[in-house]
Every structure is written in structure tokens, then in C-alpha cells.
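Put together the whole structure using the sequences plus the hints.
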Amino acid sequence: HSMVLYEGSVYTFGGFDGRNRYNDVSTMELPAHGAFREGSPMARWELVDGPATRAATGQECPSPRFGHSAVVHGSCMYVFGGWDGHDTLNELWEFNFPSGRWYPVAQRGVVPRPRYRHGCVVIDDSMIVFGGVDKEQHRFNELAELNLNTGVWSKLDVTGEIPTGRTFHKCRVWHGTLYLIGGFDGRRQNDMYRVAMEEGLRQRAAALNRHEPAAPSRDMVPSHCQQESCTCCDMSS
Numbered sequence: 002h003s004m005v006l007y008e009g010s011v012y013t014f015g016g017f018d019g020r021n022r023y024n025d026v027s028t029m030e031l032p033a034h035g036a037f038r039e040g041s042p043m044a045r046w047e048l049v050d051g052p053a054t055r056a057a058t059g060q061e062c063p064s065p066r067f068g069h070s071a072v073v074h075g076s077c078m079y080v081f082g083g084w085d086g087h088d089t090l091n092e093l094w095e096f097n098f099p100s101g102r103w104y105p106v107a108q109r110g111v112v113p114r115p116r117y118r119h120g121c122v123v124i125d126d127s128m129i130v131f132g133g134v135d136k137e138q139h140r141f142n143e144l145a146e147l148n149l150n151t152g153v154w155s156k157l158d159v160t161g162e163i164p165t166g167r168t169f170h171k172c173r174v175w176h177g178t179l180y181l182i183g184g185f186d187g188r189r190q191n192d193m194y195r196v197a198m199e200e201g202l203r204q205r206a207a208a209l210n211r212h213e214p215a216a217p218s219r220d221m222v223p224s225h226c227q228q229e230s231c232t233c234c235d236m237s238s
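In the numbering used here, the protein residues as written are 2 to 238.
Honestly, I wouldn't trust all of these hints.
Here are the computed lysine to aspartate or glutamate pairs in the DMTMM-like style, where the Cα-Cα straight-line distance is at most 25 Å [unchecked claim]:
{"id": "1", "residue 1": "171", "residue 2": "95"}
{"id": "2", "residue 1": "136", "residue 2": "186"}
{"id": "3", "residue 1": "136", "residue 2": "8"}
{"id": "4", "residue 1": "171", "residue 2": "126"}
{"id": "5", "residue 1": "171", "residue 2": "8"}
{"id": "6", "residue 1": "156", "residue 2": "125"}
{"id": "7", "residue 1": "136", "residue 2": "92"}
{"id": "8", "residue 1": "171", "residue 2": "125"}
{"id": "9", "residue 1": "156", "residue 2": "192"}
{"id": "10", "residue 1": "156", "residue 2": "88"}
Please keep in mind that the hints were generated in silico from the structure rather than gathered at the bench. Because the structure is a prediction, the values reported are computed rather than measured.
Here it is in C-alpha cells:
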């Protein structure tokens, strides 16, 4: 399943229990001080969106799935891709937290191929996707950007040493920089990459460096940035 944080509560969507796939949304409010203490009231899960609510409203919703990604931008959760038991997906769905309703999002531009078990983050107004695998077990290693204001996808072309196509990796953002670590490309990996997003490049990747313990980092720079004022950082320094 996926889990996101919005205004002090966690929200889960989808998942697989070994037999069934799910497409419900549940939430739990976190303690005000960020810790569960002895004697404090127990946090409780609440079903926000499920079969009963959909039957009453007749709203559209994503199919049951797992291996999808979920991120928060503004007051919405965006769910991309996944596996529904028959096929890999490249749909994009928006869940509006205030209204509790789902909306399919029209996508334009270079839409990523269907996949699941990919990594996904939000940086400013862009959603960045890396990796994943399709139903033919083809692993991807492209970096794709979705402008969440326009619904337009762009492929971020890069040069240099590119991460192998992989699944089960983790992507996180820290101070405008995307970090990618580990995963499975046929072998378990513990390598690490970072993408530094330059302010003047519309969420374009400014540099992608590889770092392994006791080894020099190797640079990977977007080809469209070759003439720009991009800065490559060495994580080993």
C-alpha cells in the first residue's frame, strides 16, 4: 500500500494482502506531539473512502492495486501507476482531501510507460518518477517530470552514468534535492544517487551523482543542461 501525510494525519491507499487488492482510503490522526505515550488516547483508523461511500455517491475511483506511488501536493493526493492483477498501469488519479473525492487526471506530453514498484516524489510543483517495472519484467531507469499545474509530462534526458533500471528503491527529497538509494535490478543494490534541482531550470535535474563507500562519485548531468550554469556536487567530499 501507499501512505502519505496531510495536515497531521496519515492516509493509506490500496495494497495487497496476499489474496486481495484494495482501493480504499483510510486515515489516522497522529498525536499532537508526535509520539504515542502510555496512558494517552489510542489513535484510531477511520475509513474515508470505500465501497459503501462510492455506492452512495457513484463517484469514479482507481481500481484496486498495489505497487503504485502516492504523493501530496496542495490539498490533494496523486496516485500514479501500480499493478491491478492483470496489467501494469500509468493512470494518474487525484484524491481531494477536503471533499474526499477521486478525480481522474488527464495527462499530456511524454507520459511514462505503465509500471509499478517505482519511486516518486514532489519538488515544488513537479512530480518526479524514477524506475519501476512492467508486466514483461522490463525495469525502467528514466527520470520523468510531471508539472502538476498543467498535467504535462517531460522526460529528463541525461548523460553520464545512469542508474540501472530498478524496483524497490527509495526516493526522498531534502532541501530541494532528490535522493535515490538501493533497490533491485536483478541484484540487490545499496548504491546512492542524488538529483540537485536548480531553481532556474523549471524543476529540471541539475546534476545526478553516484556515491559508493570508499569510491569516488561519478557525475550524471542532464544533456539539456550542458550549456546552463549547473553545479555538480561530490557526495564523497
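Status of each hint after checking the structure:
1. 171 x 95: 22 Å, holds
2. 136 x 186: 15 Å, holds
3. 136 x 8: Since the Cα atoms of residue 136 and residue 8 sit roughly 36 Å apart, the hinted pair is violated (cutoff 25 Å).
4. 171 x 126: With a Cα-Cα distance of about 20 Å, the restraint between residue 171 and residue 126 holds, given a limit of 25 Å.
5. 171 x 8: 23 Å, holds
6. 156 x 125: With a Cα-Cα distance of about 17 Å, the restraint between residue 156 and residue 125 holds, given a limit of 25 Å.
7. 136 x 92: With a Cα-Cα distance of about 15 Å, the restraint between residue 136 and residue 92 holds, given a limit of 25 Å.
8. 171 x 125: 19 Å, holds
9. 156 x 192: OK: residue 156 and residue 192 at ~23 Å, within 25 Å.
10. 156 x 88: 23 Å, holds
Checked against the numbered hints above, the structure breaks only hint 3 and satisfies the rest.
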